[in-house]
Amino acid sequence: MPTPSSDAPTTTQRQISDEITAFGNARRGTDLAQPALDYTPYRSSILRHPTQDPHPADPEGAELWAPCFGHQDVDPLEADLTIQHSGEPIGERMVVTGRVTDGDGRPVPHQLVEIWQANASGRYIHQRDQHPAPIDPNFTGVGRCLTDAEGTYRFTTIRPGPYPWRNHRNAWRPAHIHFSLFGTDFTQRRITQMYFPGDPLFAYDPIYQSITDPADGALLVAHYDHDVTTPGWSTGYRWDIVLTGTHRTRFEPDEEGEA
Amino acid sequence: MTHRATPGQTVGPFFGYALPYPGDNHLVPPGSPGAVRLHGAVRDGEGNPVPDALIEIWQPGPDGAVVRSAGSLRRDGFTFTGWGRASTDAAGHYSLSTLRPGGEVPFFAVTVFARGLLDRLFTRAYLPGADLGAFPADRRDTLRAREESTGYRFDIRLQGEGETVFLRFPGHRAD
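If you're matching them up, the sequences are chains V and P in order. Under full-length UniProt numbering, read the first sequence as residues 1 to 259, first letter to last. Under full-length UniProt numbering, read the second sequence as residues 1 to 175, first letter to last.
Bound-form chain V, shown alone:
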């Protein structure tokens, strides 16, 4: 077993778990933003969250619109993370699909979705990832696609593994896929993480628990959908994404832009 280095964090999971419980209790019954930016159990947030309330502003000009992406931006093959190298990546092949809609339930069509993730062993290609788990030479873990006219995105990938990190002693992140999303207006920009149902690490993870309302946290969990599987080839998960409402009216022309 590897020896922890001398600068290994000394905070225990029990201490972090107690903080998670206390923070959750303090916010119970409130309707505050999720996640909490000042969520101290996630240690890296301590010096990186604003202390002043955000200033209320109405979107103006370009903020009422989102950037356009088109077929010149994204190759359809970028949606398949299992074909980027000469061989097959190791792990559970799966389809991840769902719809991107706005707060009024309208689809976000023809818009960019970017994802990145660890491999099946819980290792990122990123040079800063020092987790001593194997790199998979056949898996980079980066994908892109455009939603279709109904707001549907679809990726083929490998189920990522959980991995240890240095927030506290023996901290482990639940398996997740990072998602980057655009809406139909600028104020809907969102980066988040998709998780897998029933992950035993949820309760221990200060990043997942920074969403202090369990009903909101549940929105980040995909569900297994047998209709999404590819027979004899891959399992399948469905995860729908709701962005905040738009500020343009439904009847405004050029709703989707001319890409």
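Be a bit skeptical, because a hint or two may be false.
Unchecked claim - Chain V regions said to be covered by chain P (calculated; three or more residues, Cβ under 8 Å):
1. 81-90
2. 96-104
To be verified - Now the in silico label distances, taken between C-beta atoms and shown as ranges:
3. Thr235/V with Arg146/P: 52 to 60 Å
4. Pro56/V with Ser149/P: 30 to 38 Å
5. Asn48/P with Arg169/V: 22 to 30 Å
6. Asp148/V with Tyr17/P: 37 to 45 Å
7. Asp131/P with Tyr224/V: 52 to 60 Å
8. Pro136/P with Gly29/V: 24 to 32 Å
What the hints assert, rightly or not - Not close to chain V: a few residues of chain P, all C-beta gaps over 10 Å, as computed:
9. His93
10. Ser95
11. Thr111
Quick caveat, the hints were computed from the structure, so don't treat them as lab data. All residues carry an ideal CB built from backbone N, CA and C; glycine is no exception.
Mind docking chain P on chain V? Use the hints.
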């Protein structure tokens, strides 16, 4: 009816191999006619640089019109898309080459992501001289880009002294 929005999560430490791409911060080629630089440093609550932040800008063209052109991910060198992305370096510094935004009160719309930042932040980099009377008098200067010979400097302070004014738009829940 309004549906509950999917919450955000931190961009984390490992976006550096996924979100940046060649030409992401060059909305126009540096040195091309009309090109200006928008750059600055991102700092934390102790004033230390944030080397793992990601800045995105979205802006109208010099004529003030909203840009509806695709092509940001594979720039052709001629099409202005109004959108760009810049990673901070080891000194917490980001830099973009773009055009001066037009409009009545011109600004760059800015989104900030970072490891340690649990959700994105929105702000604006207004061009010098903008009337910022709607913002608190003691903090509105944090929304001003400073003019330089090559363009504009816009520093972002996530916390503490000189903390940047960040924005909450309708439909976003209060912190």
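Okay, the hints, checked on the actual structure:
Judged by the Cβ-Cβ criterion of 8 Å, the region 81-90 of chain V is not covered by chain P as claimed, because only 0 of its residues qualify and three are needed. A stretch counts as covered by a chain when three or more of its residues have a beta carbon under 8 Å from one of that chain; for the region 96-104 of chain V and chain P the count is 3, and the coverage holds. The hinted range of 52 to 60 Å is satisfied by Thr235/V and Arg146/P, whose Cβ atoms lie roughly 53 Å apart. Separation of Pro56/V from Ser149/P is about 36 Å and conforms to the stated range, judged on CB atoms against 30 to 38 Å.
Look at Asn48/P against Arg169/V: about 24 Å separates their beta carbons, and that is inside 22 to 30 Å. With their beta carbons about 27 Å apart, Asp148/V and Tyr17/P fall outside the hinted range of 37 to 45 Å. The beta-carbon spacing between Asp131/P and Tyr224/V, approximately 54 Å, falls within the hinted interval of 52 to 60 Å. At roughly 30 Å, the beta carbons of Pro136/P and Gly29/V sit within the given window of 24 to 32 Å.
Residue-level check passed: His93/P sits 17 Å from the nearest beta carbon of chain V, beyond 10 Å. The beta carbon of Ser95/P sits about 19 Å from the closest Cβ of chain V, which is more than 10 Å, so the claim that it is off the interface holds. With a least CB separation of 5 Å from chain V, Thr111/P falls inside the 10 Å interface cut-off, contrary to its annotation.
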